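Kindly produce the complete structure, drawing on both the sequences and the hints.
UniProt numbering numbers the first residue of the sequence shown as 1 and each following residue consecutively.
One should not assume that every hint holds.
[As the list claims (entries may be wrong)] In the SDA-like style, the derived pairs of lysine to any residue whose C-alpha atoms are separated by at most 20 Å in a straight line are:
hint, residue 1, residue 2
1, Lys-111, Pro-146
2, Lys-111, Ala-53
3, Lys-111, Asn-136
4, Lys-111, Asn-51
5, Lys-111, Asp-81
6, Lys-111, Glu-142
7, Lys-111, Val-78
8, Lys-111, Leu-73
9, Lys-111, Arg-83
10, Lys-111, Val-138
11, Lys-111, Ser-139
12, Lys-111, Glu-75
13, Lys-111, Ala-82
14, Lys-111, Trp-56
15, Lys-111, Pro-55
16, Lys-111, Thr-145
17, Lys-111, Pro-52
18, Lys-111, Ala-84
19, Lys-111, Glu-80
20, Lys-111, Ser-137
21, Lys-111, Ala-141
22, Lys-111, Ala-79
23, Lys-111, Glu-135
24, Lys-111, His-76
25, Lys-111, Ala-74
26, Lys-111, Ser-147
27, Lys-111, His-101
28, Lys-111, Glu-72
[As the list claims (entries may be wrong)] Pairwise CB distance ranges (calculated):
hint, residue 1, residue 2, range
29, Thr-109, Asp-43, 29 to 39 Å
30, Ser-112, Val-86, 17 to 27 Å
31, Arg-107, Ser-85, 18 to 28 Å
32, Thr-145, Asp-43, 32 to 42 Å
33, Glu-142, Gly-93, 34 to 44 Å
34, Asp-15, Ala-108, 41 to 51 Å
35, Ser-147, Gln-22, 35 to 45 Å
36, Thr-145, Glu-125, 36 to 46 Å
FYI, nobody ran anything at the bench for these hints, they're computed from the structure.
Quantities reported herein were computed from a predicted structural model and do not represent experimental measurements.
Backbone N, C-alpha and C define an ideal beta-carbon position, used for all residues, glycine too.
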Amino acid sequence: MPIKSDGHTASSVTDTTRHVVQEFLAARMAGDVERLVALFADDVDWLLAENPAVPWIRPRSTGTECAAQFTELAEHTVAEDARASVDTFLVDGTDAVLTGHLSGTVRATGKSFAGPFALRLSVEEGRITRHHLYENSVSIAEACTPS
1 MPIKSDGHTA SSVTDTTRHV VQEFLAARMA GDVERLVALF ADDVDWLLAE
51 NPAVPWIRPR STGTECAAQF TELAEHTVAE DARASVDTFL VDGTDAVLTG
101 HLSGTVRATG KSFAGPFALR LSVEEGRITR HHLYENSVSI AEACTPS
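Here's what the structure looks like:
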């Protein structure tokens, strides 16, 4: 097993990344914002295409701001209609990529959205330093726009 310059094996780095991402998913499903804040690094490379029609999508850069996105999402969508499934979970060193499908209903309009997603996370020193989410932003924007 190759030893990295920091003394960790590649396997232990991958195991740490997998564990942190699993903790992230569990905290996300439980709506545990305090745990999410702890999992995010102080500074996060956050990427989610800006979408003025969607109130919970905006630039973020701190762990607290990133964790707040999940609270804002819950405020604007119907919890009973929220669905997310992960089809693929790949981990290589400090990077993880998840793909799957998500759907929900916007509370203010009653309209639904759905589509595939890809999420790229990076974990360094046990905390999430990158959160890049690619999703069907057109469907979400349409669901947020009143008829």
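Checked hints:
1. Lys-111 with Pro-146: holds (9 Å)
2. Lys-111 with Ala-53: holds (13 Å)
3. Lys-111 with Asn-136: Between Lys-111 and Asn-136 the Cα gap is close to 15 Å, so the pair holds against 20 Å.
4. Lys-111 with Asn-51: Satisfied, since the Cα-Cα distance of roughly 17 Å is no more than 20 Å.
5. Lys-111 with Asp-81: With Cα atoms ~11 Å apart, Lys-111 and Asp-81 stay inside 20 Å; holds.
6. Lys-111 with Glu-142: Cα-Cα ~8 Å, so holds.
7. Lys-111 with Val-78: Measuring from Cα to Cα gives roughly 10 Å; hence the hint holds.
8. Lys-111 with Leu-73: Satisfied, since the Cα-Cα distance of roughly 15 Å is no more than 20 Å.
9. Lys-111 with Arg-83: Holds, at about 14 Å.
10. Lys-111 with Val-138: holds (13 Å)
11. Lys-111 with Ser-139: Since the Cα atoms of Lys-111 and Ser-139 sit roughly 10 Å apart, the hinted pair holds (cutoff 20 Å).
12. Lys-111 with Glu-75: Holds, at roughly 15 Å.
13. Lys-111 with Ala-82: holds (12 Å)
14. Lys-111 with Trp-56: Status holds; Cα separation ~16 Å.
15. Lys-111 with Pro-55: Measuring from Cα to Cα gives roughly 15 Å; hence the hint holds.
16. Lys-111 with Thr-145: Holds, at roughly 9 Å.
17. Lys-111 with Pro-52: holds (17 Å)
18. Lys-111 with Ala-84: Since the Cα atoms of Lys-111 and Ala-84 sit roughly 17 Å apart, the hinted pair holds (cutoff 20 Å).
19. Lys-111 with Glu-80: Given that 20 Å is the threshold and the Cα spacing comes to 14 Å, the pair holds.
20. Lys-111 with Ser-137: Holds, because 14 Å separates the two Cα atoms, which is no more than 20 Å.
21. Lys-111 with Ala-141: holds (10 Å)
22. Lys-111 with Ala-79: Given that 20 Å is the threshold and the Cα spacing comes to 13 Å, the pair holds.
23. Lys-111 with Glu-135: holds (17 Å)
24. Lys-111 with His-76: Satisfied, since the Cα-Cα distance of roughly 11 Å is no more than 20 Å.
25. Lys-111 with Ala-74: holds (15 Å)
26. Lys-111 with Ser-147: Status holds; Cα separation ~9 Å.
27. Lys-111 with His-101: Roughly 17 Å separates the two Cα atoms, so the pair holds.
28. Lys-111 with Glu-72: holds (17 Å)
29. Thr-109 with Asp-43: 29 to 39 Å: holds (34 Å)
30. Ser-112 with Val-86: 17 to 27 Å: Since the Cβ atoms of Ser-112 and Val-86 sit about 20 Å apart, the hinted range of 17 to 27 Å holds.
31. Arg-107 with Ser-85: 18 to 28 Å: holds (22 Å)
32. Thr-145 with Asp-43: 32 to 42 Å: At 33 Å between Cβs, range holds.
33. Glu-142 with Gly-93: 34 to 44 Å: holds (38 Å)
34. Asp-15 with Ala-108: 41 to 51 Å: Roughly 42 Å apart at Cβ, these two residues keep to the hinted range, so it holds.
35. Ser-147 with Gln-22: 35 to 45 Å: Check passed, 40 Å falls within 35 to 45 Å.
36. Thr-145 with Glu-125: 36 to 46 Å: The hint (36 to 46 Å, Cβ to Cβ) holds, given that Thr-145 and Glu-125 are roughly 41 Å apart.
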